[in-house]
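Colleague: Sequence:
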Amino acid sequence: QLIILHEQTPIVLMHGIINDISHMSNIKRWIEESIEGVYIKNCEVGNGIQDSFWMPMNEQIKELAICIQNDVKLANGFYALGYSQGGYLLRAYLEQYNNPKLKRLITLTSPLGGYFCGRHYPCGTYLLPDFLNNLAPELIYSDFGQNLAGATAYWRDPYNMDLFEDYSSNLAALDNIKNKNETYFKNFVGLEKLVMFGSPKDGAICPWNSAWFGAFIDSDESLREMEDRDEYKNDLFGLRTLNEAGKVFRFDSGLEHAHNMQDENLIKVKVVPHLKD
Numbered sequence: 001q002l003i004i005l006h007e008q009t010p011i012v013l014m015h016g017i018i019n020d021i022s023h024m025s026n027i028k029r030w031i032e033e034s035i036e037g038v039y040i041k042n043c044e045v046g047n048g049i050q051d052s053f054w055m056p057m058n059e060q061i062k063e064l065a066i067c068i069q070n071d072v073k074l075a076n077g078f079y080a081l082g083y084s085q086g087g088y089l090l091r092a093y094l095e096q097y098n099n100p101k102l103k104r105l106i107t108l109t110s111p112l113g114g115y116f117c118g119r120h121y122p123c124g125t126y127l128l129p130d131f132l133n134n135l136a137p138e139l140i141y142s143d144f145g146q147n148l149a150g151a152t153a154y155w156r157d158p159y160n161m162d163l164f165e166d167y168s169s170n171l172a173a174l175d176n177i178k179n180k181n182e183t184y185f186k187n188f189v190g191l192e193k194l195v196m197f198g199s200p201k202d203g204a205i206c207p208w209n210s211a212w213f214g215a216f217i218d219s220d221e222s223l224r225e226m227e228d229r230d231e232y233k234n235d236l237f238g239l240r241t242l243n244e245a246g247k248v249f250r251f252d253s254g255l256e257h258a259h260n261m262q263d264e265n266l267i268k269v270k271v272v273p274h275l276k277d
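Last residue of the sequence shown: 277 (the working numbering), numbering continuous.
Lysine-lysine pairs mimicking PhoX-like chemistry, simulated, CA-CA at most 25 Å apart:
(1) Lys276 x Lys41
(2) Lys268 x Lys28
(3) Lys101 x Lys28
(4) Lys41 x Lys270
(5) Lys41 x Lys28
(6) Lys103 x Lys62
(7) Lys62 x Lys186
(8) Lys180 x Lys233
(9) Lys28 x Lys103
(10) Lys247 x Lys276
(11) Lys28 x Lys73
(12) Lys101 x Lys180
If you are wondering where the hints come from, they were derived from the structure by calculation, not from laboratory data.
Predicted, not measured: the structure shown is a model, and the values here were computed from it.
Modelling step: build the complete structure from the supplied sequences, incorporating the hints.
Modeller: This is how it looks when you write it as structure tokens:
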């Protein structure tokens, strides 16, 4: 009698901005304590702390892809958990690389719908928005601006959407706004599940519900859910298809931004069930 033992699908972790792999060590340990024998790959972009801020976004995504593709244990596919900007990077890997295949994506308070604040919506304690708000939109949406820091690639200014659509070096492409890339769509709808954690208490991600693919429409006084966005209604990159198939889950973690990666209960009780086979 042949007994085939199923091996738990391996898991990739991706840290946030101004972080490195050490910031994900608690999460790694908590998952290992919860899923026996699991293999976890903890990825880092460049030197972590500095490069996660200054390295242009497309280079960061490439670094993540190299980390994944160089590990033979991930060759048959994997699940992934990204914290903050790490969740954005994993979404980009999913659409733009996806070889090996990302099967389940779990994001902890990630700017999936972009980032903007400062006119009416107050910016949090995080230094990046102040840095960007001092730059003219024409500068942010230029080759120089888009290569100045990683996050300019997902700076989504509702007052300058024409500039965003023409010059965003990454998010506009992921959202399939201008030139629809069928591979991006196919890769996105190929997910088994998309699980997104966010909270109105976040204090760093602006708007907070960007963690649920929410976004500002027209101004930063009009905060909308993902279903209200044209990108969703027109199913540009597959979010609507995935949601209507019952594969998209939104959870309020009830936590401030950094606490999402520091809360053992959140990880073990709310996150781990989505990472188990």
